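Each chain, letter by letter, is given below.
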Amino acid sequence: MTRLDAGGLRFNVERLDGQGAPGAGGRETVVLVHGIATDNLTSYYFTVAPVFAAAGYDVVMYDQRGHGRTTRPPHGYRIEQFSGDLALLLDELGVAGPVHLVGNSFGGTVALDYALHHPGRVASVLIVESEPPTEAWARKMSGLLAGSAYQLHDERTLPWIEETYGRHEARLVRWSMRLLHGTSIAEDIAASRIPDEAAWRSLAVPVLAVYGANSDLADMAGWLRGLLPHCRTHAVQGHGHSVLVGTPETVGPLLLEWVREGHKQLIGDPVELGESHEEPGERQEELREGRDPAPAGLHAGVPTP
Amino acid sequence: MTSPATVDEEAVLAEIGGALRAVLDDLEFEDVPITRETRFVEDLDLESIDLVSLTSELRARYGDQVDFPAWFASLELSEIIGLTVGQLADYIVGRLR
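Those protein sequence lines, which keep their order, are chains G and A. In terms of the UniProt record's numbering, the first sequence opens at residue 1 and continues consecutively. In terms of the UniProt record's numbering, the second sequence opens at residue 1 and continues consecutively.
Derived from the structure by calculation, the hints contain no laboratory data. Fair warning: this is a prediction, and the values are worked out from it, not measured in the lab. C-beta atoms are modelled at their ideal positions from N, C-alpha and C, and glycine is treated no differently. Be aware that one or more of the hints could be misleading.
Facing chain G, from chain A, some residues (calculated, C-beta under 7 Å) [what the hints assert, rightly or not]: (1) Ile49; (2) Val52; (3) Gln65; (4) Pro69; (5) Ala70.
Listed next, with one range per pair, are the computed distances between beta-carbon atoms [what the hints assert, rightly or not]: (6) Arg97(A) to Arg156(G): 48 to 56 Å; (7) Pro253(G) to Ala60(A): 28 to 36 Å; (8) Gln87(A) to Gly222(G): 31 to 39 Å; (9) Trp160(G) to Glu76(A): 22 to 30 Å; (10) Gly120(G) to Ser74(A): 17 to 25 Å; (11) Lys140(G) to Glu76(A): 45 to 53 Å; (12) His153(G) to Glu9(A): 46 to 54 Å; (13) Arg95(A) to Glu197(G): 34 to 42 Å; (14) Arg139(G) to Arg97(A): 52 to 60 Å; (15) Arg95(A) to Gly166(G): 26 to 34 Å; (16) Glu187(G) to Val93(A): 34 to 42 Å; (17) Gly63(A) to Glu261(G): 27 to 35 Å; (18) Gly120(G) to Gly63(A): 30 to 38 Å; (19) Gly18(A) to Pro253(G): 34 to 42 Å.
Some chain G residues flagged as far from chain A (calculated, every beta-carbon gap over 10 Å) [to be verified]: (20) Gly8; (21) Gly20; (22) Asn40; (23) Glu92; (24) Trp137; (25) Glu187; (26) Gly226; (27) Glu257; (28) Lys264.
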C-alpha cells in the first residue's frame, strides 16, 4: 500500500516489480489506468497486472481522483486534470524512461490525452474499449454520468442491479454514488480541454485499440485508424464493454505482445500499417443485435431498471 | 521488512489482524473479532480495493515469498470477493513453509 501526495490529493498507488533479469534496454514500466465511476485499480490488480510483472515489466497502478481510495475532491474532474495527475505521479514515483500506457475505457481517454501532451514520455499506448477526448466524447460521457446519477436517485435501482449483475457489481455502483452525487464530475467532463483534431493526426506514439466486438464502441475502430497515424485495432469476439475483466486470459497475452513487440512495428510507414489492421470481420453485423447492455464509456454502467 | 522466525498459523492470523488495522486505520473499522471463517468483504465490509491494500501490507511484512497478485490472478473474481481470513492465512503459511 502506498499513499502518494501529489497536486493536493492523496493517491492510492500499487506497484509490482518486474521479475527476472531486465531486457537489453533496461527495465521498462507499464502504467495501468482504470475507467470511470465504478472502476478502480483492482480491474488490473486482479487480472493482467501480474502478467506484466512476470514478464519482467515494472507495473504502476493507481486509483484516479475521486475513485477507489484516492481523495475525492468536490470539483476538478476535467480530462486535463486526470492526465495532469498521471504526469505528477510519474514524476513523484521517479519513473524516468518512456512508459507503456494501458487505459481501460475512460482510462484510455486519459492515456491518449497524456500521450498527446507528453509524447516524449510515452513508448506506446494501448487502449481497451476507449476513444480520444473529442467534443462528441465529452458530451456523451457527461450525459452518461448525469444520467447514471439521476437513475441512482431511484431507490429501485440498486436492488435491480444486484439481481441482474450480482452483489459485487451492486457494491461498485453504490460506491460510485459518492462520486456521481457528491462531485461536479458530469459538468467538469463537459468542460474538458479538447485537443484539436490536427494534433491527433500528428501523434507520433504507436496506439493499439482493443474493442469488444459486441460493444457500441467497436464501430470506432475504422475512424480511429484514420485519425491516428500509427494505430492498429483489434476486436475480441463474443465480448462487450467489459472485455478486460470479462476475459483477462484473452486480453492479457494481447497486451503483453503489444508491449513486447507489437508497438515497434507501428513506427514505420503509416500507410502500409493502416492496411494491416485486424478487422472485426463479418460477424460484426450479426453481433449488433446482442450488444453489451453496459453503456459505452462507463466501466460498468448503471442501467435503467 | 520483518519475517517471522517460525511459521505458525496463530502468528499469521495475528499478522493479518495487524495488517487490517494498518490498512483500515483511516476508515471507520470496528474492531470485530476475527476468525478463520470471517469474510473480508461480506463480514468486515471491506471493498475489493481494500483487499489489495491489505495484501500489499502483508507483502511488506512477509517479503517476496508471498506473491498475492499472482495468487489473485489464479482465482475467479467471485472467489476473491468471498475470501476468508482462513484462506488467506493458509496461502501465507503454505508459501512460508
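Each hint tested on the structure:
no.	hint	verdict
1	Ile49	5 Å, holds
2	Val52	5 Å, holds
3	Gln65	14 Å, violated
4	Pro69	4 Å, holds
5	Ala70	5 Å, holds
6	Arg97(A) to Arg156(G): 48 to 56 Å	51 Å, holds
7	Pro253(G) to Ala60(A): 28 to 36 Å	30 Å, holds
8	Gln87(A) to Gly222(G): 31 to 39 Å	47 Å, violated
9	Trp160(G) to Glu76(A): 22 to 30 Å	24 Å, holds
10	Gly120(G) to Ser74(A): 17 to 25 Å	38 Å, violated
11	Lys140(G) to Glu76(A): 45 to 53 Å	33 Å, violated
12	His153(G) to Glu9(A): 46 to 54 Å	47 Å, holds
13	Arg95(A) to Glu197(G): 34 to 42 Å	52 Å, violated
14	Arg139(G) to Arg97(A): 52 to 60 Å	58 Å, holds
15	Arg95(A) to Gly166(G): 26 to 34 Å	30 Å, holds
16	Glu187(G) to Val93(A): 34 to 42 Å	51 Å, violated
17	Gly63(A) to Glu261(G): 27 to 35 Å	33 Å, holds
18	Gly120(G) to Gly63(A): 30 to 38 Å	36 Å, holds
19	Gly18(A) to Pro253(G): 34 to 42 Å	38 Å, holds
20	Gly8	17 Å, holds
21	Gly20	13 Å, holds
22	Asn40	5 Å, violated
23	Glu92	18 Å, holds
24	Trp137	26 Å, holds
25	Glu187	26 Å, holds
26	Gly226	36 Å, holds
27	Glu257	18 Å, holds
28	Lys264	27 Å, holds
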